[in-house]
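> Chain residues, written in single-letter form:
2 protein chains.
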Amino acid sequence: MNSNNNQITVDIEPISRRLFYTEDETFYELLINSGIRVRSLCGGKGTCGKCKILVQEGMNFLNPPTKSEMQYLTQSEIRENWRLACQSRVKKTKIQSAKTHQPPQLRIFLPKDILGEDFKILTSGKSKKINLNPNVKKIFVEINKPTLESPVPDIERIFSSLSSTRDNTGISRDVSFEIDTIRKIPLVLREDQHRISLTVYNNKKLIDCEAGNKTEDCFGIAFDIGTTTLVGYLINLHNGKIYSIASALNPQTAYGEDVISRITYAKDNPAGLEKLNSILIESLNSIIKETCTSANVSVNQIYEAVIVGNSVMHHLFLKINPTYIGLSPYVPALKSDLNLKAKDVNLEISRSGYVYVLPLIAGFVGADTMGVVISSEIDKELELTLAIDVGTNGELIIGNKDVLFTGSCAAGSALEGAHIQHGMRAAAGAIDTLKINPSDFGVEYTTINSKKPIGICGSGIIDTVAEMLKAKLLTRSGNFNKEFIGNARIVKEEKDIKFILVNKDDTPIKRHITISQSDVRELQMAKGAFFSGTRLILNHLNRLNNSDLEIKQILLAGAFGNYINKKNAKFIGMIPDIPDEKLFQIGNAAGIGAQNCLLNVDLRKKARKLQEKIQYVEIAVEKDFQKEFASAMYFPHLNLNLFPSLKEYAHIPKR
Amino acid sequence: MNSNNNQITVDIEPISRRLFYTEDETFYELLINSGIRVRSLCGGKGTCGKCKILVQEGMNFLNPPTKSEMQYLTQSEIRENWRLACQSRVKKTKIQSAKTHQPPQLRIFLPKDILGEDFKILTSGKSKKINLNPNVKKIFVEINKPTLESPVPDIERIFSSLSSTRDNTGISRDVSFEIDTIRKIPLVLREDQHRISLTVYNNKKLIDCEAGNKTEDCFGIAFDIGTTTLVGYLINLHNGKIYSIASALNPQTAYGEDVISRITYAKDNPAGLEKLNSILIESLNSIIKETCTSANVSVNQIYEAVIVGNSVMHHLFLKINPTYIGLSPYVPALKSDLNLKAKDVNLEISRSGYVYVLPLIAGFVGADTMGVVISSEIDKELELTLAIDVGTNGELIIGNKDVLFTGSCAAGSALEGAHIQHGMRAAAGAIDTLKINPSDFGVEYTTINSKKPIGICGSGIIDTVAEMLKAKLLTRSGNFNKEFIGNARIVKEEKDIKFILVNKDDTPIKRHITISQSDVRELQMAKGAFFSGTRLILNHLNRLNNSDLEIKQILLAGAFGNYINKKNAKFIGMIPDIPDEKLFQIGNAAGIGAQNCLLNVDLRKKARKLQEKIQYVEIAVEKDFQKEFASAMYFPHLNLNLFPSLKEYAHIPKR
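In order, the protein sequence lines correspond to chains X and R. Following the working numbering, the residues of the first sequence are numbered contiguously, the last one being 655. Following the working numbering, the residues of the second sequence are numbered contiguously, the last one being 655.
Bound conformation, chain X alone:
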């Protein structure tokens, strides 16, 4: 992102929106004036201390902390560059001196408490019906009382009661007790006449006991830990129903936008790993509490958590140093699945609860992708199917009942608004769909939460580029069509050309919202990475299998995959040219994979088998990588024969 017009820019995280700073305004004013709702009780007077922001870049351009900040911020917050938005501004002298040099570029992070409107986080998805066979069950038993003639210890009497019910419950012969359970037994047993409910983990461990019949109070939580967003699903393991869902932004975003910057943070800061881990766990614990509160369930009734996440999130969740995932030859510490005690990872469910972490597939293809495979059941498809999970990273899976190949392309960030001048994440005020009238280039759009537009998110960017192509505003090579330069909506600047989507009078940010030539290039790179990645994996697959398979069906997973106009995604050549009815949006498939593994323990065995079956393709070292990538940069592709259904391209100039 280059700065514009020699002005001071302020990147607002975690919504990834770049704003332009006007002399003398506070950051609070900057945000409010740009239409970004910020929570504050005093309305920016410095008397409530609520508008805390973290200055991630450019601290040296700011005024020193004011009296009000000294009062509301702790010493350590001040050391870590926290400020109050209403008290901080860029120093005039700094602006003066900067004008002759490089203009200041700042970056500030708005924590969850201050950001007035929540993100649009995808929590739902298409779930196939699965059988209920959870790893945790509660069984109700009545225990014999001891006598002087037969003074059998508590635990042994419980064992013999279990023996008689064992055949029905599937409980193992060598079931063992957790120490916390043993500690409870003497009193619980005598609380309700030796009638107790036992919580059984993996048919092998008794992890809890309660007086009376509590078999229905048995819960689990499935977590999808994304680089940007966290989602938790509270599920009753007795009936398989989702009781509540809660989501949050990944608070690690404050320490780096993408996985590479998080690895760097963990590597370069002595307590970096500890920090990234603890804020993540804290946030997951808040989600646990939130789901429990809204479903009126006690956290002590949650006995298992199931986790999916990409490899770096996986390591950070487990507090494992991710350094070597980021360095060649890119190895994770482990990729097998894990069963852990919740307290060993500080997850605040039942004290004797467990955590199941899905296996990774490879260094950059994580447990989230395994979740997609599990929930999409791509391994059962008869036709060759492509599944794309577009998050902050993009993962590709190509397979059917016979073969399964996967690869990763770092292409998602443009689609989340990064590197696009007016791009932003899918938050309130983002343009999410857009249409261009080919006759007058008039623009119609919708925004998230129907707020005045302040930027454009991934699905809006794809729509814009597709519509610009259809209106012949762009050529197939991604250049602005010279024919229309001079049109009122096209602005030519020193180094760039821009198409105006929203006039400055129609947006609170008070400058045009545009798509520039460089923005189009960013999208070309992203969609080119997806398409060439798909082609390279397919070639690899066909070469290895000595086959000539083609993709017959596409599953679009993830938040982005869910919100985009799938026809437009095909139109720009991001995905192969297959009939629209063979294009499916499957929602948060990774999260559903976690839910499914929570509900049915057999799927965990399946995940282990899949892990051995799935073949990882390192796309960047494939033969023809450069050539494939360059050809896929064209709209829809250098080779139009690959997109026979897109008749419109006959009329769109190539260069």
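Keep in mind that the hints were calculated from the coordinates and are not lab data. It is possible that some hints are incorrect.
Repeated chains share a single entry, so a pair holds when one copy, or any two copies, can fit it.
What the hints assert, rightly or not - Derived pair list, reagent style PhoX-like, types lysine-lysine, alpha-carbon separation capped at 25 angstroms:
(1) Lys343 to Lys204
(2) Lys145 to Lys401
(3) Lys613 to Lys241
(4) Lys45 to Lys205
(5) Lys380 to Lys627
(6) Lys605 to Lys204
(7) Lys341 to Lys606
(8) Lys605 to Lys205
(9) Lys510 to Lys91
(10) Lys129 to Lys482
(11) Lys613 to Lys145
(12) Lys504 to Lys341
(13) Lys112 to Lys205
(14) Lys552 to Lys452
(15) Lys214 to Lys91
Add chain R to chain X, keeping to what the hints say.
Quick look at chain R alone, frame taken from chain X:
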């Protein structure tokens, strides 16, 4: 214990010594004047705050806390009745008013810090040679490095290296990693060129990893948790050698002398269990540090602790409510052995270390007795053998290669000095051996640490009674022989007769040290319980097996068993009449059992098998219990035919 001469008595714990209070003296003066060394820096001026004592009974007779105490004691210490010995005394007015009523009886507890001289705690014993096969091993492996062609995760490369060495090490195919180990792997692996030492638990879990070859730094600790004393043995698991031993008084003594009063404390106080557990664990952690310091070993190199203790100590160690061991039908929460994570019981060894707790045998026959069985190998004896473990409780085991029976008698406390007027525990100044010249009743004795005598401990009491019998000062029914009443060493009081062992001029306590008629009765009850218990178990055994076996050999275990004069124990009829060469003192056999289980994991399987084999006899409900007990109260027994070797009894009057 009744008070004497209408005087104020002060029982000093944990040495179980009764002192008589002189008007106006501080407790510091009382202790020092009685020859009990107390640590103090200021010599009793109230300016060092070191002489903290806990007032367990009679707080209301004391002066209110002084300024000095307000300074040196915390609010909560004052609430819990802690005082400074040099600042506290009995209030004069209280003495006045008390004189007309019952004289005050006080009890104060001296914590480890203040008691100047340590207890005599038995730490050694006779150990049979055992094979080295510990549950924790360290193995050194060199791991292949990853390449771009084969980017295998760290853990998987470690697994394949293990595969090649597995046959030699016995490591299981499905070995798993603890999360703490996984967290260490990425950095440790790269610290010394992929050369690492792995700590393997039970051939199944990798619980630690270190860079380089550390195979010799592998330790375990065996604990004997007694009601009164704690002993820890630090053992190198690579070579099987004991590196250091440390012991301490069980700090729970402050909350009750015996197991029943501890159960009551845990039951009646809301945080009682928590308290008894936490002070015990704290003390064990001090022992761990002490053994490590003296052997120059890091606590992180201790990977396993093995625990023996009686059933109540077992429950309190595990923080399990012991209430129901103390109530009919006397059932423990469990009796099977346990493998736990050290951190789940707050034991401060390696963060990923484990604890093994030996199994119990029955409600009042604990893991300590199992330790005795394991170390004595009574189950391999050809001849029928009696093993007696005399601690604060007494446990009896009778068995050989074919049969194993056990029972418990609450008879030990008299032998630890309780209920004996001048009795005390085996601490400095206690008379431990004694001889009486039959011609002039002159007394020769030795004391622990050769200090001036201040009381008499168990072995001294047995010697005294045996010698009094030999001198015909006592009759076989335990009465003082009327013939000698009037002798200068025999004092007749209103309700009691006493034999003077030490003249008041020869002891710092400034009154005669005596053995009274009631003291002899206490000993008769104790020895009668042991002997009748032995007989009843033997009868039970013979009845069940339809046999006519007799005891051919005796093993005396425990501190007391080790220090007593075994001939005198036989002479008073505490143990059956078998030849002296068949009487063995085997020392701290329970502690050695723990050591053996630490060194050889096969012995744990054996303990589980023994648990099923050993038959528990509830002595008090046996037929003829009353009759057997009454007959065994005689010296050596009502039926002299049971003690044919004791020719002296021909000359000792019966009544």
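> Give a verdict on every hint.
Do the hints match the structure? See the list:
In the homo-oligomer, the alpha carbons of Lys343 and Lys204 lie at most 25 angstroms apart both inside one protomer (19 angstroms) and across protomers (22 angstroms), since each shortest distance falls under that limit. Within a single copy, Lys145 and Lys401 get their C-alpha atoms no closer than 55 angstroms, and across copies no closer than 34 angstroms, so neither meets the 25 angstroms cut-off. Proximity of Lys613 and Lys241 under a CA criterion of 25 angstroms is satisfied in neither setting, with 31 angstroms inside one chain copy and 49 angstroms between copies. Taking the closest pair of Cα atoms, Lys45 and Lys205 never come within 25 angstroms of each other, the shortest separation being 57 angstroms inside a single copy and 59 angstroms across copies.
In this assembly of identical chains, Lys380 and Lys627 lie within 25 angstroms of each other by CA distance neither inside one copy nor across copies; the values are 33 angstroms within and 81 angstroms between. Taking the shortest alpha-carbon separations for Lys605 and Lys204, both the intra-copy value of 17 angstroms and the inter-copy value of 20 angstroms come in at or below 25 angstroms. Within a single copy, Lys341 and Lys606 get their C-alpha atoms as close as 22 angstroms, which meets the 25 angstroms cut-off; across copies the closest is 30 angstroms, which misses it. When the C-alpha separation of Lys605 and Lys205 is checked against a cutoff of 25 angstroms, the pair qualifies both within a copy, at 19 angstroms, and between copies, at 20 angstroms.
In this assembly of identical chains, Lys510 and Lys91 lie within 25 angstroms of each other by CA distance solely inside one copy; the values are 23 angstroms within and 87 angstroms between copies. When the C-alpha separation of Lys129 and Lys482 is checked against a cutoff of 25 angstroms, the pair qualifies neither within a copy, at 53 angstroms, nor between copies, at 95 angstroms. With identical chains, the CA atoms of Lys613 and Lys145 are at most 25 angstroms apart between copies only, with a shortest distance of 24 angstroms across copies and 52 angstroms within one. For the homomeric pair Lys504 and Lys341, neither the shortest alpha-carbon distance inside one copy (55 angstroms) nor that between copies (64 angstroms) is at most 25 angstroms.
Taking the shortest Cα distances, Lys112 and Lys205 never come within 25 angstroms of each other, neither inside one copy (39 angstroms) nor across copies (41 angstroms). In this assembly of identical chains, Lys552 and Lys452 lie within 25 angstroms of each other by CA distance neither inside one copy nor across copies; the values are 40 angstroms within and 100 angstroms between. For the identical chains of this complex, Lys214 and Lys91 are neighbours neither inside a copy (63 angstroms) nor across copies (58 angstroms), given an alpha-carbon limit of 25 angstroms.
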